[in-house]
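> Using the sequences and the hints given, assemble the complete structure.
For the sequence shown, the working numbering begins at 167 and goes up steadily by one.
One thing to keep in mind: the hints can contain errors.
[As the list claims (entries may be wrong)] Distance ranges between label pairs, derived from CB positions:
(1) Glu-233 to Asp-261: 32 to 40 angstroms
(2) Thr-281 to Thr-174: 16 to 24 angstroms
(3) Cys-225 to Phe-179: 39 to 47 angstroms
(4) Glu-233 to Thr-260: 38 to 46 angstroms
(5) Tyr-186 to Gln-291: 17 to 25 angstroms
(6) Gly-259 to Glu-181: 30 to 38 angstroms
(7) Ile-183 to Gly-208: 33 to 41 angstroms
(8) Asp-232 to Gln-266: 23 to 31 angstroms
(9) Ala-252 to Pro-278: 19 to 27 angstroms
(10) Ile-178 to Ala-235: 43 to 51 angstroms
(11) Glu-181 to Arg-290: 30 to 38 angstroms
(12) Arg-262 to Glu-202: 30 to 38 angstroms
(13) Asp-199 to Arg-262: 19 to 27 angstroms
Think of the hints as simulated: they come from the structure by calculation, not from any bench.
For every residue, glycine included, the Cβ atom is placed at its ideal position computed from N, Cα and C.
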Amino acid sequence: MNDADRTTAAEIFGELIYSYTRAQALADGVLVDLTERAHRAGIRYPTACTASVWSLIDCIANSDTDELAGIVRDVRADAVLRDLLAAIRKARGTDRVHFQALGAALWAQCGPGDTAAPAITIMRQGED
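Have a look at this one:
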């Protein structure tokens with residue numbers, strides 16, 4: 167292919183009107199960063215979940231004690247990541263896995279984050 171054969175996305179689709187980055191979604195709370203926990207669980211890519219998945223994990227946020235809520239949140243987040251890792255290992259060779267965790271049907275997509283580097287997003291079934 168020579169330079170004359172190359173066409174840019176802007177030439178085909180026009181200038182970009184708007185984009186919503188992963189960093190913006192994390193800052194807005196649309197996504198919740200689980201990267202540190204994911205690394206401890208054996209997942210090497212940056213990992214986040216949707217606010218909907220986070221609501222499953224953080225189910226007793228209005229508990230009488232913040233300490234108890236934190237412990238339950240940690241255990242539930244670790245369970246989701248453990249089940250995700252098992253699904254990833256079983257699937258091999260795909261960028262999307264479906265799995266069960268905390269009594270819910272979940273799925274995760276691995277794709278480029280705000281850069282070309284891979285990032286994982288955990289969602290509930292029906293979320294895109």
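> Against each hint, give a clear statement of whether it holds in the structure.
Each hint tested on the structure:
The supplied range of 32 to 40 angstroms is met by Glu-233 and Asp-261, whose beta-carbon atoms lie about 38 angstroms from each other. At about 19 angstroms, the beta-carbon gap between Thr-281 and Thr-174 stays in the expected band of 16 to 24 angstroms. Between Cys-225 and Phe-179 the C-beta distance comes to about 42 angstroms, which sits within the given range of 39 to 47 angstroms. Between Glu-233 and Thr-260 the Cβ separation comes to about 39 angstroms, which falls inside the hinted range of 38 to 46 angstroms.
Taking the beta carbon of each, Tyr-186 and Gln-291 are about 22 angstroms apart, inside 17 to 25 angstroms as hinted. Evaluation of the 30 to 38 angstroms hint for Gly-259 and Glu-181 yields a pass: the beta carbon distance comes to about 36 angstroms. Judged by the Cβ atoms, the range 33 to 41 angstroms given for Ile-183 and Gly-208 holds: they are separated by roughly 39 angstroms. Separated by about 29 angstroms at the C-beta atoms, Asp-232 and Gln-266 satisfy the suggested range of 23 to 31 angstroms.
For Ala-252 and Pro-278, the hinted distance range of 19 to 27 angstroms is satisfied, since their beta carbons lie about 24 angstroms from each other. Hint check: Ile-178 to Ala-235, Cβ distance near 50 angstroms, so the stated range 43 to 51 angstroms holds. Range check, Glu-181 to Arg-290: about 34 angstroms between beta-carbon atoms, so the 30 to 38 angstroms window is met. A hinted range of 30 to 38 angstroms is violated for the C-beta pair Arg-262 and Glu-202, which are about 23 angstroms apart.
The hint said 19 to 27 angstroms for the Cβ distance between Asp-199 and Arg-262, and at roughly 20 angstroms that hint holds.
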